[in-house]
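J.: Chain by chain, the residues run as shown.
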Amino acid sequence: MTTLALSGVAKSFGRVPVLRDVSLTVPAGTRMAVVGASGSGKSTLLRLIAGFEHADEGEIRLGDSMLTAPGRFVAAHRRGIGYVAQDGALFPHLTVEQNLRFGLPRRRRDPARVQEVMELASLDPALAGRYPHQLSGGQQQRVALARALAPRPAVILLDEPFSALDTGLREQTRQAVIDALEASGVTTVLVTHDHDEALSFGGQIAVIAGGRLVQSGPPAAVFDNPVSTEIAAFLGAAIVLPASFTGPDGAECALGRVPVRHDRSDGSPGGRLLIRPAQLGLSPANGTHNAVVEDVRPRGSHAELLLRTAGSAQVLIPLRVPAHEGPEYHAGMRVSVTVNGGGVLYPPD
Amino acid sequence: MTRRRSTAAFAAGLTAVALGLTACSADGDEDPVAAASDDALVVYNAQHEQLTEEWADAFTAETGIEVVLRNGNDAELGNQLVQEGEESRGDVFLTENSPAMSLVENAGLLAPVDQATLDQVPEQYRPASGLWTGIAARSTVFVYNPDELPEAELPASIMDLADPAWKDRWGAAPGGADFQAIVSAILELEGPDATRQWLDAMEENVTVYQNNIATMKAVNAGEVPGGVIYHYYWFRDQDGTRENSGNTELHYFGNQDPGAFVSVSGGGVLASSENQEQAQQFLAFLTGTTGQEILGTGYSMEYPVASGVPANPALPALDSLQAPAVDPSRLNSVDVTDLMTDAGLL
Amino acid sequence: MAATDSLQTSRPGDAGAGADGGSRPPVALVVVAAVLAAVLLVPLGYVVSVVVDVGWGTLEPLIFRPRVGELLVNTVLLVVLGVPLTVLLGVGGAWLVERTTLPARRFWAVVLVAPLAIPAFVSSYGWASAVPSIHGLSGGLLVSVLAYYPLVYLPAMAAIRGLDPALEESARSLGLGSWAVFGRVVLPQLRLAVLGGGLIVALHLLAEYGAFAFIRFDTFTTAIVVQYQSTFAGPAAGALGVVLSALCLTLLVAEAGARGRARYARVGSGVARAAVPQRLGVLTPLVLLALTALGVAAVAVPLASVVRWLGRGGWGGAWSQPELPQALTQTVLLAGGGAVTAVLVALPLAWLTARHPGPLARLLEGTSYVAASLPAIIVALALVTVTLRILPGLYQTAFTVVLAYVMIFLPRAVVPLRSGIAQAPVALEEMARSLGYPPIVARLRVTLPLLVPSIAAGAALVGLGAANELTATLLLAPTGTRTLATQFWSQASAIDYPAAAPYALLLILLSVPAVALMFAQSRRRGAR
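Chains as they are written, first to last, in my numbering: chain A, 1 to 349; chain B, 1 to 346; chain C, 1 to 528.
Hint data in this document are derived by calculation from the structure and do not stem from the laboratory. Be a bit skeptical, because a hint or two may be false.
For each label pair, taking beta carbons as the anchor points, the in silico distance ranges come out as [as the list claims (entries may be wrong)]:
id: 1; chain 1: C; residue 1: 392; chain 2: B; residue 2: 150; range: 31 to 41 Å
id: 2; chain 1: C; residue 1: 516; chain 2: B; residue 2: 298; range: 44 to 54 Å
id: 3; chain 1: B; residue 1: 148; chain 2: C; residue 2: 289; range: 35 to 45 Å
id: 4; chain 1: C; residue 1: 56; chain 2: B; residue 2: 57; range: 44 to 54 Å
Short derived list, chain C residues pointing at chain A, Cβ under 10 Å [claimed, not checked]:
id: 5; residue: 422
id: 6; residue: 433
id: 7; residue: 441
id: 8; residue: 444
id: 9; residue: 450
id: 10; residue: 452
id: 11; residue: 455
id: 12; residue: 456
id: 13; residue: 460
Glycine included, each C-beta is placed from N, C-alpha and C at the ideal position.
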């Protein structure tokens, strides 16, 4: 178990900058999920750590050893960093067992290790003699993980390992992988574009946008207090309301006065307030209302309401209610919306 | 190693392997393919392969000197020798007809033939220059199918074949050196203007075949009534299965007609040869009794021209053919191919 | 058979390599590929140099003369009539065996590809000895169409197998009858396969020598050989070569134009259901009769001739020719050398296009296709001229023959290698590196084993093409060298049919594996 540390890493392809000044520490034994939209540079980050690409600037350090620094570059095969690719990248001409053995040192090849990692990745021992094309997608990914784990690497890198899988299989495989990583206690970096996957992966999350690391920390903390409304929206459904007046007891917005949980504003009088839909409560208006139902759309397990806030701002807010409550609402109906917990206040646009 | 450098190294390695293997494959092939040890005599052979092989085998048996043949036809090998010049790996050049030999002679690539060899060959069958010698002879004939062409309608002269009456009624192989030699005789005997006219008319009249055998076969099958070929194709087939000549007869133009032209096959030693002695030995052998008897008694049916060896008894005597007198060294292959190209025959 | 059999599947850009698409290739690789491409351009350079060297003043009367006009008419008629006929037979045959209720479809699928195993000049020999009067344009068309239609049939079959039946079903549900579906839905989707196959047939027709020379049909190629035999590599041969090369390049450009932007269309991935076959009904006997006639004409007639002459020559006579074992050995050595060298030359080019696609890779690869589209006779003339004038040490050596084979057949090696490299993505090498192997070892342990089938396929296709090669071998072979093809040719043109028969049979037998390989590839490509 070793700490992985990046500092000031930058990389361009030709004239196109892909990563800029990325500094990130993955403490020993931590599972870190790096999340970003496609093209954000997250895969390149992983390839720099693996040693498949050269960084233009900055340092990558694993424990005490410097992997990448100006004038220094440890080749991929000397880094001791395992890698799991998007499609598994199993060697098609080798059986499962041969794939698993591939990275084990030749001289002291430990036959028990193959069984061990198969167990670790919850692979049926009967699969050992099969070829990759005879496996399901989920099995392939678990073999890929087991193969990466077999030589006991200091770090495992996972590049969108679940994105090629069907929804049902994805959840199941993801859990198997997390369990295996947990059991082996290896330092792990996962990159993904899926915020749910990132938020549920483990101890740390890092958000990458436009080639920069914009925020990192424990998932709950990042989700609770994103650095910007864009990141907030990227990490999950977000409602951003203009806040006209802010005072000590909260911000004034279309839904009334809402307490400020985190203040990221610049001190100017106005701003924008982030609220998560799950914080909203809804009741038919009795006397005062702060929104009007614009549309009701049944969605099976729930109904989706589209509300238009009263007052001059007229912001549209999508909101879910349980399916059985759907019929209670109709277009044009006046409702009263309450906000539970506070919002996060950002500077105006 | 960096990624880029390693790819480069891989590429470089591959190339090295590629070049190495290419070299190996070339080396590996060379021996069995060329099948020629350095001291073997390389004969550029435009004569019939089977005939020259008989000659070569007998020569090797007699002298122990190995012979390797590069087979081709007159003009191809002659031009090739001119292009190769001093670089040529050939020692001896054998032709079916003299124009290609003259081509090589005019390029100054031939060494004088030993006087002893020349003495074996009557003067009319070798050039005055002494730079090559006749080794065999063949006569022009008109092969015809009596079912299609009654004897009375046979052409009196080869020049008559230019008549519109002969349109689509005769065949020949103008792409071959044999016919081109016949044209060179016409050129020598009748002059350029008459030859040009004759060739233009021929282009109208003639049915073109790939070679003499194909022409004879077509006449035999009745595809075309007659054709201009050399005599020995007919006699060989008559001597064998008669499959391609059974329905045909030969017509000799005689009368010193250009169509009675007797073509001399030549043999010469290349000046650039490093095996001068063996090469001269080979020519001496060809024109000697043993070599000429292979012509007189073997399958070839070509006429012997030297050492007084008689022709195959099936053939009419060479001096009975009333061939026109043509100095073999004056026959020009370049002018002929130019004229034939102009006429659209090539 | 000439070079370009797989041209239609071999366009740059369909490599589909995930790889590090578009990354800058290493300089050494580019240099190697560029040098190879430059060597491949020698024949084209020869054609250009003929124009420059000899000068337009000399060439003009040699090009603008009635004879060239005749050859042009012959050659153009051959292509204009021959290509549609091969398309008709090829597409029709593919449709019959893939999408109809034709009885014994698998049997007919094999019968239809079988003519490819009979070299055109052997087929011509068979026909000429069975029907001696056969000659001219009609004879040339008969022999060449029968010999070459499988070059359309194979890609058409692959394309039909790759079609999504759902499209045809949708068309039916929109009210189209079965013939309308074929004409308006199936045929348009076969456009690329038909264009590609048609181009290859056209290039073959332009390049063929033996088959046409045998039955007295003059094309540019036969005329060049005649000129060569009369005047060696002189200006008249060069002038004809310039016109012939111009015809080939025109075809290449025309085909590229007709393809338009759809050039990289790929066959559909994965056909879930087989299409409902079209009922032939009362037409069945008629179709069977037509197919039988085709099979007899294209396969049975040439084979019967060979067998008849073998019998005539007697087993003792024909097979005891002393040249036979020598010709077989030398054919195997030369063709083997050609196969190995072609694979080694193809590797850097295929690597570049599969791993580093981009304008540079396209340029280099395009170069190799342009080079390979020139007929063998041009390649041979060019190599004769270049070796004599510039590299006399290489003149008439096995090396030069092998080089000619590489130039003529290179695409046969590039195509399978490139798809092989594309299927061995760079990610696998990276994976091996992350598991502790240095890059070279990673390549040897992961990429090389994955390339073995492609290398084998490429080498087999080149080798077997080279074993059948006649034109260039005739002009370039070292002194004393005989191959099966040249030996067959010399016997057959001397009308010694029995002596030619064993060579014919050996040439056919040698071709069978390559044809089986092409057939299997086409079926797989479609079914994937």
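J.: Now look at each hint and say whether the structure bears it out.
T.: Against the structure, the hints come out as follows:
{"no.": "1", "hint": "392(C) / 150(B): 31 to 41 Å", "result": "57 Å, violated"}
{"no.": "2", "hint": "516(C) / 298(B): 44 to 54 Å", "result": "46 Å, holds"}
{"no.": "3", "hint": "148(B) / 289(C): 35 to 45 Å", "result": "38 Å, holds"}
{"no.": "4", "hint": "56(C) / 57(B): 44 to 54 Å", "result": "51 Å, holds"}
{"no.": "5", "hint": "422", "result": "13 Å, violated"}
{"no.": "6", "hint": "433", "result": "4 Å, holds"}
{"no.": "7", "hint": "441", "result": "8 Å, holds"}
{"no.": "8", "hint": "444", "result": "13 Å, violated"}
{"no.": "9", "hint": "450", "result": "6 Å, holds"}
{"no.": "10", "hint": "452", "result": "9 Å, holds"}
{"no.": "11", "hint": "455", "result": "14 Å, violated"}
{"no.": "12", "hint": "456", "result": "14 Å, violated"}
{"no.": "13", "hint": "460", "result": "20 Å, violated"}
Of the numbered hints listed earlier, those contradicted by the structure are 1, 5, 8, 11, 12 and 13.
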